[in-house]
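Visitor: Per my numbering, the sequence shown starts with residue 429, numbered consecutively.
Treat the hints loosely; a few may be bogus.
Stated by the list, open to error - Computed Cβ-Cβ distance ranges for the label pairs, DEER-style:
hint, residue 1, residue 2, range
1, Asn493, Ile570, 55 to 61 angstroms
2, Gly573, Ala654, 49 to 55 angstroms
3, Thr508, Val629, 45 to 51 angstroms
4, Ile579, Ser627, 36 to 42 angstroms
What the hints assert, rightly or not - Here are the computed lysine-lysine pairs in the DSSO-like style, where the Cα-Cα straight-line distance is at most 27 angstroms:
hint, residue 1, residue 2
5, Lys599, Lys470
6, Lys561, Lys541
7, Lys584, Lys648
8, Lys470, Lys648
9, Lys467, Lys648
10, Lys459, Lys470
11, Lys541, Lys459
12, Lys599, Lys619
13, Lys459, Lys648
14, Lys619, Lys561
15, Lys648, Lys561
16, Lys541, Lys599
17, Lys584, Lys470
18, Lys599, Lys610
19, Lys619, Lys584
20, Lys599, Lys467
21, Lys541, Lys467
Hints were generated in silico from the structure; no laboratory data involved.
C-beta: ideal position from N, C-alpha, C; glycine also.
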Amino acid sequence: MQAVILAGGKGTRLLPFTKVFPKPLVPLGDKPILDTILKQLKHCGFTRITLAVGHMADMIQTYVNNGERYGIDIDYVQETEPLGTVGPLAQMRDFNQSFLVMNGDVITNLDYKALMAFHQQHGAIATIGTYQKTYRIDLGIIQHGASHTIIDYIEKPVYTFQVSMGIYAFKADVLRYMEPHKYLDFPDLVKQLIGAGESVVSYFFDGYWLDIGNHSDYEKALQEYAAQGGIVP
Numbered sequence: 429m430q431a432v433i434l435a436g437g438k439g440t441r442l443l444p445f446t447k448v449f450p451k452p453l454v455p456l457g458d459k460p461i462l463d464t465i466l467k468q469l470k471h472c473g474f475t476r477i478t479l480a481v482g483h484m485a486d487m488i489q490t491y492v493n494n495g496e497r498y499g500i501d502i503d504y505v506q507e508t509e510p511l512g513t514v515g516p517l518a519q520m521r522d523f524n525q526s527f528l529v530m531n532g533d534v535i536t537n538l539d540y541k542a543l544m545a546f547h548q549q550h551g552a553i554a555t556i557g558t559y560q561k562t563y564r565i566d567l568g569i570i571q572h573g574a575s576h577t578i579i580d581y582i583e584k585p586v587y588t589f590q591v592s593m594g595i596y597a598f599k600a601d602v603l604r605y606m607e608p609h610k611y612l613d614f615p616d617l618v619k620q621l622i623g624a625g626e627s628v629v630s631y632f633f634d635g636y637w638l639d640i641g642n643h644s645d646y647e648k649a650l651q652e653y654a655a656q657g658g659i660v661p
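Given only the sequences and the hints, what does the whole structure look like? Please build it.
Guide: Below you can see the structure in the form of structure tokens.
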């Protein structure tokens, strides 16, 4: 199986850490986050991985090299300018089967092999890994009608959403919707696929997942990783 890890972002929400390291090399325990991701993918049967790199690319390539120590064939696609969250995929024209795409800052115990099996079973052009998140607003919410009339008052409401995990499975056909060296973000790709009548499905996951792109989730990941003795919970 093949996978692409998106590792080219500047990680501005994790400053000042990302002044020193590219975000995928920020430590989790005594190893970079990327090290954990690569080992998980290897465990799930992935044999070829492409790293889409940009910011501090040399550091990532020096650390990972060709993947020999992971038992994985690793190659690279370089962004010379920002191409968005999925724009770099347009340079990967040699895919001829379904492949996994994920962000390089995700900590999860998702079974990637099960996700790929679900994707194949449903025959969709794209499968989005989704996770249920609950958000509490610690204020009273005012709902207005006409002429400044208040029609409702909701105290500290709680909302639940299915959110994208930053982990996707694609058919190789998805590359037809991308242009080389053209900026493209994932939400725009999804809307384009739906608008073209393509099947896009959701893979519901209720295990452990953190997007460590901000300080609070990164601190939580560090604490839970340490409490579990150096493994993802």
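Visitor: May I ask which of the numbered hints given earlier this structure violates, with the numbers listed in increasing order?
Guide: Structure breaks hints 3, 17 and 19.
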